[in-house]
Structures are given as structure tokens and as C-alpha cells.
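Residue strings, one per chain:
2 protein chains.
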Amino acid sequence: MLVAGCPLCDGPGGREVFRGAKLRVIHAAEAGFPAFYRVVWTDHVAEWSELAPADRALCMEAVAVVEQCLRDALSPAKINLAALGNMVPHLHWHVIARFEWDSRFPSPVWAAAQRAADPQREQAIEHQLAALEREMIGRLATRSF
Amino acid sequence: MLVAGCPLCDGPGGREVFRGAKLRVIHAAEAGFPAFYRVVWTDHVAEWSELAPADRALCMEAVAVVEQCLRDALSPAKINLAALGNMVPHLHWHVIARFEWDSRFPSPVWAAAQRAADPQREQAIEHQLAALEREMIGRLATRSF
Chain A
3 MLVAGCPLCD
13 GPGGREVFRG
23 AKLRVIHAAE
33 AGFPAFYRVV
43 WTDHVAEWSE
53 LAPADRALCM
63 EAVAVVEQCL
73 RDALSPAKIN
83 LAALGNMVPH
93 LHWHVIARFE
103 WDSRFPSPVW
113 AAAQRAADPQ
123 REQAIEHQLA
133 ALEREMIGRL
143 ATRSF
Chain B
3 MLVAGCPLCD
13 GPGGREVFRG
23 AKLRVIHAAE
33 AGFPAFYRVV
43 WTDHVAEWSE
53 LAPADRALCM
63 EAVAVVEQCL
73 RDALSPAKIN
83 LAALGNMVPH
93 LHWHVIARFE
103 WDSRFPSPVW
113 AAAQRAADPQ
123 REQAIEHQLA
133 ALEREMIGRL
143 ATRSF
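Sequence order for the protein chains is A and B. Be aware that the first sequence starts at 3, since it is given in the numbering used here, and climbs by one per residue. Be aware that the second sequence starts at 3, since it is given in the numbering used here, and climbs by one per residue.
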């Protein structure tokens, strides 16, 4: 089901990396966090517990693939996962590679900045995204997402 | 595997509500968010993608049970889920009932406060936790978590 007026029903919600029948992966343009992806469930569902168990498992396998690709390519300090949806109540998982040098680490990306951004290091990550996403698409294509 | 010095290996990490072999559920004492639970994986694993797929599915079913109990009892505006672990890299899922009146809504709980806390409404939630947790324990006991 799609809901008019919902930004994740009306459009991709970011640069689309992969699209399956049940979910898509987008790269989010969030300043200061160059490796910030979202796994967006296609159907307009607000809460995790509204999904059927098999869909939950499938969704988290896609999250795990995205996470593993970020870990393999970027060796981040930590991966952060979150499904919040207070502003856009359409199920989407944030998958964010975190680095010791990012402006919020070790706080969540939504907390106050602790240090200045590091555009040079951000750019170094950005240069790796194309190869990382080719690998991600390849791995996601091996299953029916 | 347990790791000495890890707060989630050394202790429960909060008021224990349920303990299974693979995971436990704790109530977190986070000021301003009276219905804040954590699903803590027993083994010391840092990243989601380190778990086997069957364990990931199991873990998210526990998260779904906790979420469903919060929704049924409290009708929150939204449930927030997150596995961050930047400070404590031992896999744990935050399961947080959010309300329009809480000090951060609709921002994440880690963002700056937007309004004063509402101790009266918080207390009204606290009074429902005992019954909610009895129900939660009952539902969690129907599976091998």
C-alpha cells in the first residue's frame, strides 16, 4: 500500500542504489556522514511489529548486507542501525558507518556536534562509494528482496 | 563469549525483565523516557552482521514482542528502535516508546530537548509498566529466546 503525501511513498527518498520488490536501498545525503544508507520498506508500514515475521527477517538480512558492505569497504569504528520514523512514519532503517573523526562520535548522529567536520576524510569515503555500491548491488541481487 | 570490562557482559545493564539463553530484556532508567527497554544479546558481539541469520531473526522477534507490548499497553506516538553501540560495543537494541509530549519528540531521544519534561505524564506511564512487563514476560516465554 502507498500513501499519498508520504515522502517515502511519493519518491525514492534519496539516491537509489538498489530496488527490489519488497524494499530498496538509498544513499542519504546527510552532511558529515558520507556513508549513510537507508533500507526503505516498499509498503507504507509505520511500525516494525506490523510486518510479518518472514518480512522482518528478510528486511534485516538486507540491513545486514548493507552493513557488511560498509564494514568490508570502509572499516568503520562502528555501524549504527536505527528505525525511528517520528517524522516520516514509513518503515526505513538507517545504516550509518561511523568514524572516530566524525563530528558526533561516539554520540549518535542526532546529538550535538563534538568537533568540526573533516571534509578531507569525508571525501576520501565518498570516493569509495561507487565501488562499495557495485559490490552491495551484487550481493543484494543474490536474493529476492 | 563474555568480555571482562564490558558493562553488558559484567552485569545486566539495567533492571532485568526477562532472561533467555540467547538474550535478555532490561528496562533502562533513562530520565524522561519511562518506557525505554533494551534487548541485549547475551554473547559479546559488536555488529549486527556478526550474528548468524537465524540469530538475527530470533533477536528481531524479541524486539518485535517488546515493541508490540509497548504499543498495546501505551499507544505511543511511535516506537523507536536502534542498535548503536558506539560507547558499549555489545549488541543491544533500544526499544523506546515515544510520545508527542516527551521532551525530544519528534526528534530522536539523543537530540537536544525541545520542551520541558512532563513528570506527571511520565509517572502515568511508569504506573503501567508492571502490568505491561507481566504481559511481555508471558509472550517472551512462549519461544526459546
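Hints were generated in silico from the structure; no laboratory data involved. Keep in mind it's a predicted model, so treat the numbers as computed, not measured. Ideal placement from N, C-alpha and C gives every residue a C-beta, glycine not left out. Possibly wrong hints are sitting among the right ones.
Not everything, but these chain A residues come out facing chain B in the computed CB check (under 7 Å) [unchecked claim]: (1) HIS29; (2) GLU32; (3) GLN70; (4) LEU83.
Calculated cross-link-like contacts (lysine to aspartate or glutamate; reagent style EDC-like; alpha-carbon spacing at most 20 Å) [stated by the list, open to error]: (5) LYS80/B with GLU18/A; (6) LYS80/A with GLU137/B; (7) LYS80/A with GLU52/B.
If you test the structure against every hint from before, which numbers come out violated? Of the numbered hints given earlier, those the structure breaks are 1, 2, 5, 6, listed in rising order.
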